[in-house]
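Asker: Sequence:
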Amino acid sequence: MIPMVDKAGLGSLIAGIVLILLGGYGIYLYIPEVILVLKGSLGIIAVLIGLFLAVIGFFIMKE
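Residue numbering for the sequence shown follows our numbering, starting at 30 and increasing by one per position.
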């Protein structure tokens, strides 16, 4: 006997799997650009963390 499943959940699952496959294929096609984006993202994250720590340090010293 096949259990009844929620059609919206099944549709979301299928759409998610299709998007994962398409995204993986896109990453495979454009791997050099993906690496550049990841390197740039790491730089941006480092700047934001540094800014966050500097602001917190400023407020701690101010007290």
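Calculated from the structure, these hints are not laboratory results.
Each hint should be verified, as a subset may be incorrect.
[Stated by the list, open to error] Per label pair, the in silico range of CB-to-CB distance:
(1) LEU48 to PHE81: 50 to 56 Å
(2) PHE88 to LEU42: 41 to 47 Å
(3) ALA75 to ILE43: 34 to 40 Å
For each residue, glycine too, the CB sits at the ideal point set by N, CA and C.
Asker: Should the hint that ALA75 and ILE43 are 34 to 40 Å apart at their CB atoms be regarded as holding?
Answerer: holds, 38 Å
Asker: Do the beta carbons of LEU48 and PHE81 sit within 50 to 56 Å of each other?
Answerer: For PHE81 against LEU48, whose Cβ atoms are near 32 Å apart, the range 50 to 56 Å is violated.
Asker: Between PHE88 and LEU42, is the Cβ distance one that fits in 41 to 47 Å?
Answerer: Because 46 Å falls inside the window, the suggested range holds.
Hint compliance for this structure: hint 1 is the single one not met.
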